[in-house]
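S.K.: Below are the chains, spelled out letter by letter.
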Amino acid sequence: MAEIIIKAEDICFSYESDHPTDKFPVLDHLNLEIEKGSFVAVLGYNGSGKSTLAKLLNLILTPTSGNLYLFGKKFDEETITEDEFFALRQRIGMVFQNPDNQLVATIVEEDVAFGPENLGIPPAEIRRRVDEALEIVGMKEFARHSPHQLSGGQKQRIAIAGIIALRPDVIIFDESTAMLDPRGRNDVLATIEKLNREFGTTILHITHYMEEAIRADRVIVVDGGKVTLDGTPREVFSQVRTVKAAGLDVPQVTELMLEINDDGFELPKDVLSYEEGAQAIADYIRKKKAGKNT
Amino acid sequence: MLKDITLGQYFPGNSLLHKLDPRLKLLLAVFYIVLIFLAKSAPAYILIFLFTVLIIAVSRISFGVVLRSLKPLIFVLIFTTLINVFWSNGTTVLWQLGPFAVTEEGIIRAVTMALRIVLLMASTSVILMYTTSPIALTDGIERLLSPLAKIKIPVHTFAMMMTMALRFIPTLLEETQKIINAQKARGADFDSGNVIDKAKALIPVLIPLLISQFRRAEELATAMECRCYRGGGNRTRMTVLRFALRDLFVALVVIALLAGIILLNIYFPPLLA
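So the protein lines, in turn, are chains A and B. First residue of the first sequence? That's 1270 in the numbering used here, and the numbers climb one at a time after it. First residue of the second sequence? That's 4 in the numbering used here, and the numbers climb one at a time after it.
Hints are computed from structural coordinates only; laboratory data are not their basis. Careful, some of the hints might be misleading.
[Claimed, not checked] Here are the computed distance ranges between Cβ atoms for each label pair: (1) A:Tyr1338 / B:Arg240: 46 to 56 Å; (2) A:Thr1350 / B:Leu76: 31 to 41 Å; (3) B:Ala220 / A:Tyr1284: 45 to 55 Å; (4) B:Ser18 / A:Asp1450: 37 to 47 Å; (5) A:Glu1504 / B:Arg240: 23 to 33 Å.
[What the hints assert, rightly or not] To give an idea of the interface, some chain B residues facing chain A are shown, with a C-beta separation under 10 Å as derived from the structure: (6) Ala185; (7) Ala188; (8) Pro211; (9) Leu212; (10) Leu223; (11) Arg238.
In this text, a Cβ means the ideal position worked out from N, Cα and C, and glycines have one as well.
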C-alpha cells in the first residue's frame, strides 16, 4: 500500500457566526486518508462540506477539532512556523472554480511565474518552471497573451500551470470544471489525468459531474459533513440508493440497471458506461435463451 | 461598446525606444521635461524641438497619432497664448487697445510657452505611453522606487495594486456590459431622459457590479494565498531588468543634449531677458 500523505482524523469544522444558534457543523467527525499518487474524486451536493474539506486540507481554514496529518506530520496551528506553513501550502496546490478570479497578472507567463516568484526562486529557475508548466498544460503558444483574450477552459489551464510551477505533491481541484463549457471541461480533465498518470501528482478532484468522477481511481461521497461512501467508482455507483440519498445522481445507465433489477432481473449493478450496459443486457438475453433451449 | 475602451495607448513595436529599460525611460521622461524648460535661447529651442521630432521618428509612432494626442490640449494652448499675448508686461509695444497691449515680449513668451507645452506632451506620451506597455511601466516604477521600501513605504503593495487594476479592467468592463444587458432585458432604460435620469438609471448597474467585485476580491485573495503570496519581502522576479548597452548609449545621447542646450544658452542671447 502506498504512503498516506493526507490523513484527516475526526475532523470537525463550523463557520464562525454572529448567532450561536446558526452554528451548525459543516464537517462532522470526518475521517479520510489519501494515498500518494492516487486520483480521488470527491462528490457531494452543494453545502455538503466538500469545499470546506478542500480548504482545510490546503490550510486556508483550520479545523475546529480533530487531527490533520500532512505528509506524515501532525498539523498544529500553535507550533507551526510561518516558513513551515508556506512550505506545506507549496506542497498542496489548489485550483478554484472561477478561472478569472485566480489569475493575477496581465500576461500569461507572468501569471504562471507568480507562485515561484513568491517562493523566492532564482529567475532562471522560474523561467524553466514556467516554460515546463505551460508545456504540460499545452498552452505554450499563448505565453505572451493576455488572460482576457483566452476562453474559460484555457484560462483554467493557465491557473493549473500556475499551480504546477509551484511543484506541489497534491493538487486539489475545487469544482474547477463547473464553470466551463464541455470542450473546456474535457481539456481541463485531460490535463488533470495527465498530471496524475505521467507526473504522479496526487489529485483530489471535487466535482458534481458523475462522468468526471468515473475517471478517478477512487470516489468519495461527502454528505452531511461525513464520508458516506468510499471506494472505486464501480463500488460507489453500484450503491445507487445511498448515492441518491446524498442528493447526487448516478450515471443514467447505472440507474437503468437498478430499475430493471427491481423488476426481477439479475443484471450487474456496477455498470458505468453505455457500452457496458448494452453488453450486459445482451449477455443476459443470450444466457436466458441458452437456458431455455437446453 | 465598452470593450473598445483601451487603457493607456500602447503601440506594440520593436523600435529602440520600445526596447529601452522602463526604469531608464521613467528617468528620461523626467529629465526631458527639465531639458525643455532649460532652453532659453532660440537655437536651444530649435535643438530641443528637432530632438523631439527625432524621438518620434525613432519610435516609429506616426506623427498623426502624436498630433492627435495634442488635441485635448487645444483649449489650454489657446488660453495660455491669449493670456501671454495680452497680459504680459513688455516694453516694445506693437499694438495697443485701451488697457490691452500686445508687446513683442508677450508674443515671444506666448510662442515659447505653447512650444514647451506641445513638446512636453509629445515627448512624455511617446516615451512613456506609446512605447511602454502598462505592465513594463508598473514594473519600472516598482523597481525604481524599491529603495523607498527601506523607509517603510509599501512600494511593492502599490505596484501589485496597479498590476491588479490593469489585469481586471477588461474583466470589469465585460462584467459591466453583462449587467447592462441583463438590466436592459428587464426593461431598464439607459438612453432617455436628462442627465439626472441617466445617472439614476446606472444605479442598478453599479450596485451588482460593486457586490460582485467584493466577492471577486475575496476569492482572488484566497487564490493568491494558495500560491504562497506573502507580500513583497522574499519575492524574486522571473524577468530581470538589466541595463543594456543601448540604454547607456541613449543616456549618453541625452546627456550630450543637455550639454548642447547649456552651450547654446551661453553663446546665444536668451529670447527673454
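S.K.: Take the hints in turn and mark each one as holding or not.
M.R.: Here is what the structure says about each hint:
no.: 1; hint: A:Tyr1338 / B:Arg240: 46 to 56 Å; verdict: 36 Å, violated
no.: 2; hint: A:Thr1350 / B:Leu76: 31 to 41 Å; verdict: 57 Å, violated
no.: 3; hint: B:Ala220 / A:Tyr1284: 45 to 55 Å; verdict: 19 Å, violated
no.: 4; hint: B:Ser18 / A:Asp1450: 37 to 47 Å; verdict: 41 Å, holds
no.: 5; hint: A:Glu1504 / B:Arg240: 23 to 33 Å; verdict: 49 Å, violated
no.: 6; hint: Ala185; verdict: 17 Å, violated
no.: 7; hint: Ala188; verdict: 21 Å, violated
no.: 8; hint: Pro211; verdict: 16 Å, violated
no.: 9; hint: Leu212; verdict: 14 Å, violated
no.: 10; hint: Leu223; verdict: 5 Å, holds
no.: 11; hint: Arg238; verdict: 5 Å, holds
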